[in-house]
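Asks: This is what each chain is made of:
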Amino acid sequence: MSLTASRLQSLLRSRTLAALTSPHGVDRYLEQVNPMWAAHEVRARVVSIRRETAGVDTAPVATLTLQPTTTWRGHRAGQYVQVGVDLPGSAKRFTRCFSISSAESDPGGQFTLTVRAHDEGQVSTYLVSQAQPGQMIHLSQAMGDFTLNESPATPTNNHLLMISGGSGITPVMSMLRTLLRDGYDGRANRRVTFLHYARSPEDQIFATELAEIAAGDNHVDVHLRYGDHVFSELELRRLVPDFRDVDTWACGPGGLIALVTAAYDVEVGSSAASRLRVEYFKPPTTGSATAEGQVSFSRSGAGAANTGASLLEQAEALGLKPEFGCRMGICFSCTTTKTGGTVRNVVTGAESSLPDEDIQICVSAPVGDCVVDL
Amino acid sequence: MSITHEPSTTSTTTSSGPTVARLPGDDQLRRLTAEQLDAFGAEMDAIRQRVLGQLGAEDADYIRRVVKAQRGFEVAGRALFYLPPAWPFAVAALSISKILDNMEIGHNVMHGQYDWMGDPGLNSRMYDWDNVCPGEQWKYSHNYIHHTFTNILGKDRDIGYGILRMDADQKWHPYYLGNPLYALLLMVFFEWGVAMHDLEVENLVAGKRTLEENKAIYPGLMRKIRRQALKDYVLFPALTGPLFPLTFAGNATANLIRNIWAFNIIFCGHFPAGVATFSEEECENESRGHWYYRQLLGSANITGGKLFHVMTGNLSHQIEHHLFPDLPARRYPQIAGEVREICDRYGIGYNEGPLGQQLLSVAKKICRFALPDKKSDLVPAFLRRPAADTVTETSLAA
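Taken in sequence, the protein lines are chains U and A. Residues 1089 to 1462 in the working numbering are what the first sequence spells out, letter by letter. Residues 148 to 545 in the working numbering are what the second sequence spells out, letter by letter.
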């Protein structure tokens, strides 16, 4: 069966079929027949959706079980995936990154995403509240280096430390689940300290499973902290005295990560020499109606105070040479990805604050801080 | 033709007043004042804004339905070549597939009309069409050069494609005696003409472009040509075994039918009598209103039924397309009435006619410009300035 499947896959990816389906590619034909058929792209069918928290005071959380196409290459614990959904009504596809919460998956194997429905997040809200079993979503392959780097099947004397806040629990939960699933005799076979900060016990994701893990004989210490009980170096030192010498994975909101990196005495983004690995989600930016702030061009590293001119003009003023054509918003030659901030379309006046959005820089002026991939 | 500008706006304006007339019969052309152009532009912007606000599931469903139909026709066409008696049907299905792919899907998707959907399969940066011209190169010459500098002599290379003489301001030369023959050849080999277009052969001959500048284009162009040829003239014929020659001929015929159809639709959109060309000077520092005005006078519509519009990629609404090149083309028929009404109010000609009439007019023009100019009236009646104090003028002033 799997042999047939892999033969079929290599046929679908063959150069002959690529030549026959040029210039569109095999997937553009397969998708017309069955959305679960693919040669290169990754898509998934939603198998089930389970509520994790009720979300009385906070945004609700749900876990989606996904059956990916056979093109899915599997994931390593801690990785994330880009999820694209066509939102109903507007018919626009929005793509966001979500960490995978299930243990490591095999090629073509099911996995889960655990998503909190942020008020500002159209994709997360849609996935938690509106998505239905059976529907298709678009995926990337698993990405990211925030991963467990040891084999669960081999017991070691290493001590692993996982620190997470809120929905930042998902990648470290994937690591924990992988260790317990794949470790000998259902144990991690190494010392694991799992420290998590949540708003309240009601808002605790995976509460039952964490209680079971905490109660089990599995080498895992679970510490849950709620409400105002924020991260402190003092407390970490009490739990793990030599924490700076312990392999650590920290994931959560920017505030938590700032505290953790300070405790490890490293700068965010320069933790190469440290045992600390971090992953954080940015707080959503809110659009302000001013033409102030800083414009940054991430690829070139250039940046300057926002002059209010179009991004194309501001980039050129800094000596960059972005591709452009009509300079009036009709030819799309200058389309570039805006990775953060708000822009105003000078032709339509529409403002947009979506991250990772393709914009025409010749007719887009930054409103406040703005980061563009140039 | 020229527009009355405020005296200080262009450097070429002489102290004595408006810019110099360039076309025979220009003195009869309707002129709009700068204020009228601004008001006209604002009305066009309002239509654009409204349609942009309406874009949604309907447009997405529509283009996906067209894509599904195109894929269906393509697969059916390729498959029917296995049944020799069905050869005409195979050719017909494949021709329809190629026409839909190039026009309603390819042309429009590569304009960025569906970029707002965020679907990589329908994105102007990803899409390439079933045509020997690489989409990447076409987007530059078409979306940028042609749509920005529409019908500006010396800048819009789509005027005559560097081969034909389609305008009185193109200086006559004995070479142009072959105008009808060149047009015929361009029609038959249209996809190749479009592909070679970016090599700017006419500028090479004129010494305005060096072979060196073309070198960057060759690899992409050759890759695309190889892929298209391999598919249509080697692989698919080979897959039908002993029917190789039939399939080969069928694929060539489908490409030919697409070439003829696309050429005719496109020439009817830009070159029927009455479509005006502009000089570089009069478009310097032009207002948005003037840009719209130029787009309008540079284009012509073809009337017809719904299926006809789909098969032209809605380029039968070339006027609306040139006004709003990045709006989904299926919206053009919906706004055509409104555009026409606005044009009527401003007394601007709205050139439309059935396919036969527009084709005849194009053919006449191709033959007419093969010959040197007579001092004749080249400006058609609907573009002429009516006698003073007509109803239109007073209603505008009101």
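It cannot be assumed that every hint is accurate.
Stated by the list, open to error - Each computed BS3-like pair below joins lysine-lysine, with the alpha-carbon atoms no more than 25 Å apart:
#	chain 1	residue 1	chain 2	residue 2
1	U	1409	A	362
2	A	378	A	355
3	U	1409	A	355
4	A	215	U	1409
5	U	1180	A	302
6	A	302	A	362
7	A	453	A	215
8	A	318	A	355
9	A	378	A	215
10	A	453	A	318
Just so you know, the hints here were simulated from the structure itself, not pulled from any lab data.
Asks: Against this structure, judge whether each hint is valid.
Replies: To see whether the hints hold, each was checked on the structure:
1. U:1409 to A:362: With Cα atoms ~21 Å apart, residue 1409 of chain U and residue 362 of chain A stay inside 25 Å; holds.
2. A:378 to A:355: 36 Å, violated
3. U:1409 to A:355: Since the Cα atoms of residue 1409 of chain U and residue 355 of chain A sit roughly 24 Å apart, the hinted pair holds (cutoff 25 Å).
4. A:215 to U:1409: At roughly 39 Å apart (the allowed maximum being 25 Å), residue 1409 of chain U and residue 215 of chain A break the hint.
5. U:1180 to A:302: 36 Å, violated
6. A:302 to A:362: 22 Å, holds
7. A:453 to A:215: 18 Å, holds
8. A:318 to A:355: Roughly 17 Å between the alpha carbons, so the hint for residue 318 of chain A and residue 355 of chain A holds.
9. A:378 to A:215: 20 Å, holds
10. A:453 to A:318: 40 Å, violated
The structure does not agree with the numbered hints 2, 4, 5 and 10 stated previously, though it agrees with the rest.
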